[in-house]
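Undergrad: Turn these sequences into a full structure, and let the hints guide you.
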Amino acid sequence: MNLVPLLISLRVASLAALLSLIIGVPLATLLARRTSFWSRLLDAFATLPLVLPPTVLGYYLLVALGARSPLGAALENLGLPLVFTWRGAVLAASFVALPLITQSARAALESVDPDLEDVARTLGHSELSVFFTIRLPLAWRGILAGIVLAFARALGEFGATLLVAGNIPGSTQTMPIAIYDAVQRGDQAMANMLALILASVAFILLVSIRRFGQGLGNE
Amino acid sequence: MNSGHPRACLEVDLHVVLDDFTLEASFSASQELLVLFGPSGAGKSTILKALAGLLTPDRGTIRLNDRVLYDSRSKVNLPPQKRRIGYMPQQYGLFPHLTIAENIAYGLPPAPKSKRNAQVEKWIEVMRLTDQADRKPSEASGGQQQRAALARAMASGPELLLMDEPFAALDEELRAHLRGEIRDLSNTFDLPILIVTHDTSEAYSLADHMVVFERGVMIQDGPREDVFRKPVSESLARLLGMSNVYDADVLTSEIGKTTISWLGNIIELPMNRLVEGTSVRIGIRPGEIEIPQQISTEPDAVILPGRLVEMIPTGFDLLLRFEVQDSAGSTFMEVRVSQAGMMNARLQIGGIYQLQLNNTSIHVFSDPRELD
Amino acid sequence: MDVLDSFHMKLSLRNSRILIELALLGLCGNLLGACQAPDETRLTVAAAASLNPAFDEIAAGYKAASGETLVLSFASTGALAEQLRNGGPFDVFAAADAQHVDELIDDGVLRGATRTVFAYGQLVLLISPDFQGELADTSVLLDPGVKRIAIANPEHAPYGLAAEQALKALGVWDRVRNKIIMGETVRQAATFVQTGNADVGLVARSVVTPGKDMYILIPEDLFDPIEHVAAARSDSNHLSEALQFLEFLSSPEARSTLEYFGFRPPEENQP
Numbered sequence: 001m002n003l004v005p006l007l008i009s010l011r012v013a014s015l016a017a018l019l020s021l022i023i024g025v026p027l028a029t030l031l032a033r034r035t036s037f038w039s040r041l042l043d044a045f046a047t048l049p050l051v052l053p054p055t056v057l058g059y060y061l062l063v064a065l066g067a068r069s070p071l072g073a074a075l076e077n078l079g080l081p082l083v084f085t086w087r088g089a090v091l092a093a094s095f096v097a098l099p100l101i102t103q104s105a106r107a108a109l110e111s112v113d114p115d116l117e118d119v120a121r122t123l124g125h126s127e128l129s130v131f132f133t134i135r136l137p138l139a140w141r142g143i144l145a146g147i148v149l150a151f152a153r154a155l156g157e158f159g160a161t162l163l164v165a166g167n168i169p170g171s172t173q174t175m176p177i178a179i180y181d182a183v184q185r186g187d188q189a190m191a192n193m194l195a196l197i198l199a200s201v202a203f204i205l206l207v208s209i210r211r212f213g214q215g216l217g218n219e
Numbered sequence: 220m221n222s223g224h225p226r227a228c229l230e231v232d233l234h235v236v237l238d239d240f241t242l243e244a245s246f247s248a249s250q251e252l253l254v255l256f257g258p259s260g261a262g263k264s265t266i267l268k269a270l271a272g273l274l275t276p277d278r279g280t281i282r283l284n285d286r287v288l289y290d291s292r293s294k295v296n297l298p299p300q301k302r303r304i305g306y307m308p309q310q311y312g313l314f315p316h317l318t319i320a321e322n323i324a325y326g327l328p329p330a331p332k333s334k335r336n337a338q339v340e341k342w343i344e345v346m347r348l349t350d351q352a353d354r355k356p357s358e359a360s361g362g363q364q365q366r367a368a369l370a371r372a373m374a375s376g377p378e379l380l381l382m383d384e385p386f387a388a389l390d391e392e393l394r395a396h397l398r399g400e401i402r403d404l405s406n407t408f409d410l411p412i413l414i415v416t417h418d419t420s421e422a423y424s425l426a427d428h429m430v431v432f433e434r435g436v437m438i439q440d441g442p443r444e445d446v447f448r449k450p451v452s453e454s455l456a457r458l459l460g461m462s463n464v465y466d467a468d469v470l471t472s473e474i475g476k477t478t479i480s481w482l483g484n485i486i487e488l489p490m491n492r493l494v495e496g497t498s499v500r501i502g503i504r505p506g507e508i509e510i511p512q513q514i515s516t517e518p519d520a521v522i523l524p525g526r527l528v529e530m531i532p533t534g535f536d537l538l539l540r541f542e543v544q545d546s547a548g549s550t551f552m553e554v555r556v557s558q559a560g561m562m563n564a565r566l567q568i569g570g571i572y573q574l575q576l577n578n579t580s581i582h583v584f585s586d587p588r589e590l591d
Numbered sequence: 592m593d594v595l596d597s598f599h600m601k602l603s604l605r606n607s608r609i610l611i612e613l614a615l616l617g618l619c620g621n622l623l624g625a626c627q628a629p630d631e632t633r634l635t636v637a638a639a640a641s642l643n644p645a646f647d648e649i650a651a652g653y654k655a656a657s658g659e660t661l662v663l664s665f666a667s668t669g670a671l672a673e674q675l676r677n678g679g680p681f682d683v684f685a686a687a688d689a690q691h692v693d694e695l696i697d698d699g700v701l702r703g704a705t706r707t708v709f710a711y712g713q714l715v716l717l718i719s720p721d722f723q724g725e726l727a728d729t730s731v732l733l734d735p736g737v738k739r740i741a742i743a744n745p746e747h748a749p750y751g752l753a754a755e756q757a758l759k760a761l762g763v764w765d766r767v768r769n770k771i772i773m774g775e776t777v778r779q780a781a782t783f784v785q786t787g788n789a790d791v792g793l794v795a796r797s798v799v800t801p802g803k804d805m806y807i808l809i810p811e812d813l814f815d816p817i818e819h820v821a822a823a824r825s826d827s828n829h830l831s832e833a834l835q836f837l838e839f840l841s842s843p844e845a846r847s848t849l850e851y852f853g854f855r856p857p858e859e860n861q862p
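Residue numbers (this note's numbering), protein chains in the order written: chain A, 1 to 219; chain B, 220 to 591; chain C, 592 to 862.
For the chain B half of the interface with chain A, some residues (derived, Cβ under 7 Å), not all of them:
1. A271
2. L273
3. P299
4. Q300
5. I304
6. Y306
7. P308
8. G312
9. H316
10. Y325
11. G326
12. S375
A few chain C residues that face chain A, going by a derived Cβ cut-off under 10 Å, partial list only:
13. T635
14. A640
15. N643
16. V662
17. S667
18. A670
19. G678
20. P680
21. F681
22. T776
To be clear, the hints were calculated from the coordinates, so they are not data collected in a lab. We put the CB at the ideal spot given by N, CA and C, even for glycine.
TA: If you want it as structure tokens, here you go:
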């Protein structure tokens, strides 16, 4: 049983979840409690990956980052191409996972009582300190829910990854792509086995993320 | 409209444009308990936020103990972090994810760790929170939470303490507790404490000094007794429980003495500045009317017969509603009695009784057109 | 009691444990050797999904014959064409049609001189295991018991287009078009039939299982030939190996493998 796709999936999904967390939480902070035209526009863009079919998203990423694009060509020259590499898979998965973290984090940040932040300010703490000592810890449960969603989504990501990273066994062939491959081959038994493994691993990981995370935020 | 306190350490002059109205506040306070009073939505919380630096007014100045916190003309606007003001929102604002001790420690100014730990210990002791120190606020009782919130605010060494509707949603026991804590604080520490409330009895029990707002306008500023006994407008009077308001006619007015005609009585008031021949509005607090066993014969006593028509329990006291006669017909007069008073007088609905008040209890409302 | 220490410690722990956990997960994948860069020395063949598993066998045969291991990358013809256009690092493209290959040749992505027709697709009429009727010939399409007919989407899939052409040539298109359900790929269309969700389907011979599925061959004169074309990438570093593989596709061994998997090797239909 070739478990390389599983390892690839774990690596890609965890890095993608991390990346979307790093981008998503600041983005959510920016959007929280704002209703201006520009923030609503930004919010719409940030939600777009949820609406577009992953294959379409993958296509746009491919065109934007492929060898024909200025950005892609530059990356090639630097020896760090994104397309057809696991880095591209991480990028594709982060894109689709980002809206999940952003929406969850935003809702969580908005639910923190603004009075608490006000009190923290009057007690002498800078905006940054208020964010890290009051706002973020209190929003943690919602953000954790977002991380769980993002990780799950990244783990199951298929359409965009297939286009941007390709189906290259040992390199970018993630579990979902391997399952697809088996189905295409007509090997339903293998497909079922891989699907079961993926689901079990995902289940264990998601439960443990929740468990660890809940031990941290305490209310 | 400054009350002209001798050693004012807080001076406020603000102009804030809000959605529904414009707020104009101009007052000062010394090391006392100042209550900002008025109906909900009058702009009182906005003043607190402006004082704390959480909101920037459109123009004005805020001075605290010779420091300028805000001055729109010279573009000074200290952030809340630098104002040295303690702020306690409704429901205390304790950080739920920190222990009581950590809450108290949160605002301590920079100092060596041992010194700060000592300060936290001291406040925990002073506020009787030793057993709760390592617990979260949700595990503490309401009274402990109040003390914790106060300790936290005071531990940061503020020069002014602000409290926004601290009594809202509290039961009687917690209210009494908080009143006590605030009084103790005021007596122990030399700093102005500003409390926003719309609750008349809380205002009465705590205020040394009251400033009254109505839709963004300051309508009265003075010592508590002045505000309660001589409210400047009828709507304020109603708010403060002065429910007996009537028309009266001014007959004569000379220096130190004015006669009015009210409910068929000619009454002499120790005041002047009223215009003869005009009609005025007067008000009398229900608590200043009695139903004496022996009617007074003093010249400053005013006696009126009234028929008891209703008994309205208000907490432990009662409000008795009497029907009294005037030239046009009849009107009502409310009299507050204690339970003991009720038992002594043996009153019955329908009976006619003599109501007595002192002429100094008659408050004449100034012409509203004069107030501006 | 050191309040401040415990406070700061708790905060930083809180905020970093999850991140550490996720990062470890990522590292673990790396340590166990996953996500390698594609092996530059091996020939990479981008093959249409419908050529799976035929090409697995062909790769095995190629290895036995030449000692070279191929890297096979399967996806839909359209997706692979897009990838090639945007720098996909494949050496050979084996498509399920001619059009995509020709477009890429026109754009210079693929080398025209290496264009090879390596197989012709065959169309079959497949009936569902639940179907009550008889499968004698194509007249079963008009059987009243047939409620749904599955084909691949004619807009994307060459087999779908062929199916549509065949139905028109048979003169039944107008009568059955409202019973048509489309799969995104021909394999998906076959799955509809095999799972009983469609009563019959017109699908590729390469996606049905002889001995298990019930099907009849559709005569090739009823539709335009489904050419399976392959070509080498112009910028490939392994052009000679690519040519070698393309030649292998025409070898008797490859031809019999292709035939086994339901394709018709070209010799009989040389244009």
